[in-house]
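Enquirer: Here is what each chain is made of, one letter per residue.
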Amino acid sequence: QQQVKQSPQSLIVQKGGISIINCAYENTAFDYFPWYQQFPGKGPALLIAIRPDVSEKKEGRFTISFNKSAKQFSLHIMDSQPGDSATYFCAAFAGTYKYIFGTGTRLKVLA
Amino acid sequence: EAGVAQSPRYKIIEKRQSVAFWCNPISGHATLYWYQQILGQGPKLLIQFQNNGVVDDSQLPKDRFSAERLKGVDSTLKIQPAKLEDSAVYLCASSLVAGLTDTQYFGPGTRLTVL
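Keeping their order, the protein sequence lines are chains A and B. Last residue of the first sequence: 843 in this note's numbering, with the numbers rising by one and none dropped. Last residue of the second sequence: 187 in this note's numbering, with the numbers rising by one and none dropped.
Honestly, the hints are just simulated from the structure, not real lab data. Think of the CB as a built atom: it goes at the ideal place given N, C-alpha and C, for glycine as much as any other residue. The reader is advised that the hints may include incorrect statements.
As the list claims (entries may be wrong) - Chain B is faced by these chain A residues, among others (derived, beta-carbon under 10 Å):
1) 740
2) 746
3) 747
4) 748
5) 749
6) 768
7) 775
8) 776
9) 786
10) 798
11) 802
12) 832
13) 834
14) 835
15) 843
As the list claims (entries may be wrong) - With a straight-line Cα cutoff of 25 Å, these simulated DSS-like cross-link-like pairs (lysine-lysine) come out:
16) 774(A) <-> 83(B)
17) 774(A) <-> 737(A)
18) 789(A) <-> 143(B)
19) 737(A) <-> 116(B)
20) 803(A) <-> 747(A)
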């Protein structure tokens, strides 16, 4: 119940395309869902986050869609650029200030 | 604003040896986290400090791992003795407090290889 399942494991997208990464959870006590971006040799950095009381949050080219009833949320990267090539992790706040991270999606955007 | 600093960046040791990692969080951040990131997986929380007290160490293998945060600032994570399965990147993160939406800032990590 403390898992966050992330898919796909890897993703290749053409420049200008839409990248979509999906996550699913089981624990309904999770109440905050951030996405992190990690470049090689760097630590993860917060990209965008959502609370379950909204269904969508958009920041620039990045959008989180949240489906509370299905216990799923996804990251959409519009107009994907080669600079977006990185590993993306979804996470869920599990109480007592602990985050559970997904397994990561390696995104490659072709120029 | 300086980020989270970690050292060393890379470490290679033989199994059964000991190793220590150091973390200097962002100035003023009360909460410090150590994560283990095994290749191909997401970060897994090992231990969380609030100032110099431990908030959560439920996933820390206490028979071989130890951590301390003296004076509520810098922190060290030690492994003794190391096993092959400890090969991973060890990430340190800090946040201003430990609130629900408080952003965690990660350091670059220490890549440990156990031979």
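Enquirer: With chain B as the partner, please determine if residue 786(A) meets the hint condition of a C-beta pair closer than 10 Å.
Expert: 13 Å, violated
Enquirer: Mind checking the CB of residue 748(A) against every CB in chain B and telling me if the closest is under 10 Å?
Expert: Not OK, violated: residue 748(A) not within 10 Å of chain B, min 28 Å.
Enquirer: Should the interface hint for residue 835(A) be scored as holding, given a Cβ-Cβ cut-off of 10 Å against chain B?
Expert: 5 Å, holds
Enquirer: Can the hint on residue 746(A) be confirmed by a CB-to-CB distance to chain B that is less than 10 Å?
Expert: 25 Å, violated
Enquirer: Using 10 Å as the Cβ threshold, decide whether residue 768(A) counts as touching chain B.
Expert: With Cβ-Cβ at 8 Å, under 10 Å, it holds.
Enquirer: Given the proposed pairing of residue 774(A) with residue 737(A), does the C-alpha separation stay at or below 25 Å?
Expert: Between residue 774(A) and residue 737(A) the Cα gap is close to 23 Å, so the pair holds against 25 Å.
Enquirer: Identify whether the interface hint at residue 740(A) stands, where standing means a beta carbon of chain B within less than 10 Å of its own.
Expert: 13 Å, violated
Enquirer: Please verify whether residue 789(A) and residue 143(B) have alpha carbons no more than 25 Å apart.
Expert: 39 Å, violated
Enquirer: Does residue 747(A) sit within 25 Å of residue 803(A), going by the straight-line distance between their CA atoms?
Expert: 30 Å, violated
Enquirer: Hint validation: residue 776(A) versus chain B, beta carbon distance must be below 10 Å. Holds or violated?
Expert: Result: holds, 5 Å to nearest chain B Cβ.
Enquirer: Tell me if the interface restraint on residue 775(A) is satisfied: Cβ within less than 10 Å of some Cβ in chain B.
Expert: 3 Å, holds
Enquirer: Do the numbers back the hint for residue 843(A), that is, is its least Cβ distance to chain B under 10 Å?
Expert: Interface hint status for residue 843(A): violated (26 Å vs cutoff 10 Å).
Comparing the model with each earlier hint shows violations of hints 1, 2, 3, 4, 5, 9, 10, 11, 15, 18 and 20; every other hint is respected.
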